[in-house]
Amino acid sequence: MYRLLKQIAKTGIVTEPAPEADESLRLLAQRLQDAVLGHFGRSLAVRHVDAGSCNGCELEIHACNSPHYNLERLGIRFVASPRHADLLLVTGPVSRHMETALRRTYEATPEPKLVVAIGDCGCSGGIFGESYASRGAVSNVIPVDVAVPGCPPAPAAIIQGMLTAVSSTSARRSSGASR
Amino acid sequence: MTHPFATLGIEAQRLPGALPAWHAPVAPGALRALAEKAKARQARLVALWASDETPRGAGYGLHVALALREGLLWIGVPLEREHPRYPGIADLFPAAARMQRAAYDLVGVHAQDSPDHRKWLRHAAWPGGQFPLRKDFDAGARFEASEDRYPFVRVEGEGVHEIPVGPVHAGTIEPGHFRFSIVGEKILKLEERLGYKHKGIEKRFEGMTALDAARLAGRVSGDSTVAYAWAYAMALEALLGVEVPPRAAALRGVALELERVANHLGDLGYLGNDVGLSFGFFQFWRLKEDLLRLNCELFGHRYLMDYVVPGGVAGDPGAAACVRLIDALAAIEREIGELRTIYDEHAGAQDRFIMTGQVTPELAAALDLTGLAGRASGQEHDLRAAHPIAPYRGLEVRVSGHIRGDVAARVSVRFEELAESFRLIRALADALPPGELRLALERPGAARRGCGWVEGWRGEVFIALETGAEGALHRVHVHDPSWQNWPLLERAVLGNIVPDFPLINKSFNLSYSGHDL
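Protein chains in written order, with numbering that gives the first Met the number 0: chain A, 0 to 178; chain B, 0 to 516.
Just so you know, these hints were derived from the structure itself, not from any lab. Incorrect hints may appear among the rest.
[Claimed, not checked] In silico DSSO-like pairs for lysine-lysine, Cα to Cα no more than 30 Å straight-line:
hint, chain 1, residue 1, chain 2, residue 2
1, B, K118, B, K188
2, B, K134, B, K505
3, A, K5, B, K505
4, A, K9, B, K505
[Stated by the list, open to error] Simulated DEER-style distance windows between Cβ atoms:
hint, chain 1, residue 1, chain 2, residue 2, range
5, A, S42, B, R141, 33 to 43 Å
6, B, V159, A, E71, 35 to 45 Å
7, A, E71, B, A319, 29 to 39 Å
Beta carbons are placed, not taken as given, at the ideal position from N, Cα and C, and that holds for glycine.
Could you build the full structure based on these sequences and the hints that come with them?
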């Protein structure tokens, strides 16, 4: 126990400042009212759905929870069921074998809900494209609010995508500093 | 000179390249006898796949890659056009069972006398009787989704019930379906259903040029991008008869070991997390993030994607960077030493690790368990030591091992492999040979063959490459070691309690994408 506590004390806090929202990542006009966003902004429950990725994006999603990024301090946490989620974080391309599961997950998520597509494949189908086995972009299957390119996008970019999804122009003006 | 496979009764031809690999054509009627002889010589099944040879005026092809003491033996079995079938070998090499089912789903070649003829990679994206890897199958074809019926094996008895899990899981992991049959908390049976991530990778290869396809190879399983990119480059370079410059080979070795370190750090963190030691997650993921940032700075990508390219490597970190790399890794290594002591002395963690998810060496040998998980169960296979090619030649890679085959053994092997990887990176980066980084490659010739075989962090990644008319990619088969190890996960959980499944699963950490293709 002594070693463990010593290691914690020695490590200190390595968490870095969070990124700002970036409106250029937005695909759909903000669908939510400021009142709802104010609520989301404090606590965002995220359900990740891997719809057919190479698993590269998953490595970076995991890294979002690591101490340098410390996602939970922003009120963002991953939940185990779409029924508990406000936002779906979807990696792709969407394989045809995952199409039904992705649709059902989307339908199981209560309104109001947001979708963030992660990675070049989630944005456009990437190197796998569209084929007999792949539907390509996430937006070919469910509505996507914000798309974050990258192969894979870095953790800060993924966090930025989620923050963009729950930001609106007026909300950001009033609460930009407190985030 | 007598060739090394005379005792198997075949004529094998040495494939070009540094890898000790041979190719032998074998008639369907002789396949069983050969497989039995190979099995008697402790051969391991590396991969089994099929191809459409009708453009060459033939029928179909079955391919079997075996690992023998001398090296890799690639067996090509010509099958007739009308009823392509062959005698199955899953009774001799159990890992072949799912590969044979996948070969039917994709190419329509049929394993006779096989007890399990259920589909495997096919769900509902294409109908039965259509075969995506046949040449007359349109890559862009789109079929009406049919109902996806799959008969799971049912366990019956008083108090037995089923827990279906997935394809969308509760955590951030890849999609797959697990069907548990349990009594109380105890697992009586686990049946996996995979294939959800099938995205047509092998068909995609056939529409690409040999050089462009390297990027796709690097995205078969993102966590093993270096291993795949290297295996692909090795296959293409062998086929072209070129040898990469020594500096490029050394840098490939550094990249492969960095990939091993990054994945082992991540897994050790999660293994702590899964037994309630979140301290472990935060500490190991802090170290992993430090390493990823260093990768990005020195090699241009956090996971080293597209760093290994056909002909060499994409960039040179330079001498100052090598010094930085060695210093940074030394700092990480010191912290790992401290963390290992904490893990070893943590009674709660050890109580969950020890004797959980055990695969005995006997079972591991019988079912061809491979890679890291294999080494934790007494299967001391490591290509870096068994067939050391540049840059591993002369480095005398020490193979880590354990015989208990439980979660604790897989934790221990990871710690030991980290230490060995640090030693290898130091040795390579300290003495980088001068010279070129990358050779310009010409277009491959027609009807050539090459293969790549790389010890990735998870196990052996194998890629077989054949060109067709005018040097276009005729067939690219990519094989992930997860094919061998997924069936063992079904066995490892037996008698364990359901809440230990995530821990056991993580201790194997198998690839879905690399398997589903």
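Comparing the hints with the structure gives:
no. : hint                          : result
1   : B/K118 with B/K188            : holds, 20 Å
2   : B/K134 with B/K505            : violated, 38 Å
3   : A/K5 with B/K505              : holds, 28 Å
4   : A/K9 with B/K505              : holds, 28 Å
5   : A/S42 with B/R141: 33 to 43 Å : holds, 41 Å
6   : B/V159 with A/E71: 35 to 45 Å : holds, 39 Å
7   : A/E71 with B/A319: 29 to 39 Å : holds, 38 Å
The structure is inconsistent with hint 2 alone, although it conforms to all the rest.
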